[in-house]
Amino acid sequence: MQMSYDKTYMNKEPIIHILPQDAYHDPAAIIGNKKGLTQLRDLLSAILAGAEVVTTGYCTGGIQVFCNDGEGYNITAAVRPDMSDVPCGYTYDMAKDNTPFPEWLIEAIRNNEQ
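Residue numbers are given in my numbering: position 89 of the sequence shown equals residue 108, and the series is strictly consecutive.
Note that these hints are calculated values from the structure, not bench results. Any given hint could turn out to be false.
Said to hold, decoys possible - Here are the simulated SDA-like pairs of lysine to any residue, each with C-alpha atoms no more than 25 Å apart in a straight line:
{"no.": "1", "residue 1": "LYS31", "residue 2": "ASP61"}
{"no.": "2", "residue 1": "LYS115", "residue 2": "ALA48"}
{"no.": "3", "residue 1": "LYS31", "residue 2": "PRO46"}
{"no.": "4", "residue 1": "LYS31", "residue 2": "ASP45"}
{"no.": "5", "residue 1": "LYS115", "residue 2": "GLY89"}
{"no.": "6", "residue 1": "LYS54", "residue 2": "GLY69"}
A quick note: this is a predicted structure, and the numbers were derived from the prediction, not measured.
Could you put the whole structure together from the sequences, leaning on the hints where they help?
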């Protein structure tokens, strides 16, 4: 038996799905409704503008969005000139990067969750 539920929230809430690469050279996708993609655009514009004046080596910001199943989550975005300490996000076992998240990114994600 297929369950049905009220999906009207999808017209009211910012919805974004970020589909990562499975392995090297695979495509990735960012898909969302207009409200979600507008919030993402505004976040990116704000941190890019802030990166012009920041001297800490990175500039971050965040938004809260939802998946189309109604589950909310935070997106943290960062401008970082040196990407060498940021692990790749591949999902297949043969391509996974087991490099730990750098401390500055963990802190930025924690700050975004508050």
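Verification of the supplied hints:
no., hint, verdict
1, LYS31 with ASP61, "18 Å, holds"
2, LYS115 with ALA48, "18 Å, holds"
3, LYS31 with PRO46, "29 Å, violated"
4, LYS31 with ASP45, "32 Å, violated"
5, LYS115 with GLY89, "28 Å, violated"
6, LYS54 with GLY69, "23 Å, holds"
Of the hints listed earlier, those the structure fails to meet are numbers 3, 4 and 5, in rising order.
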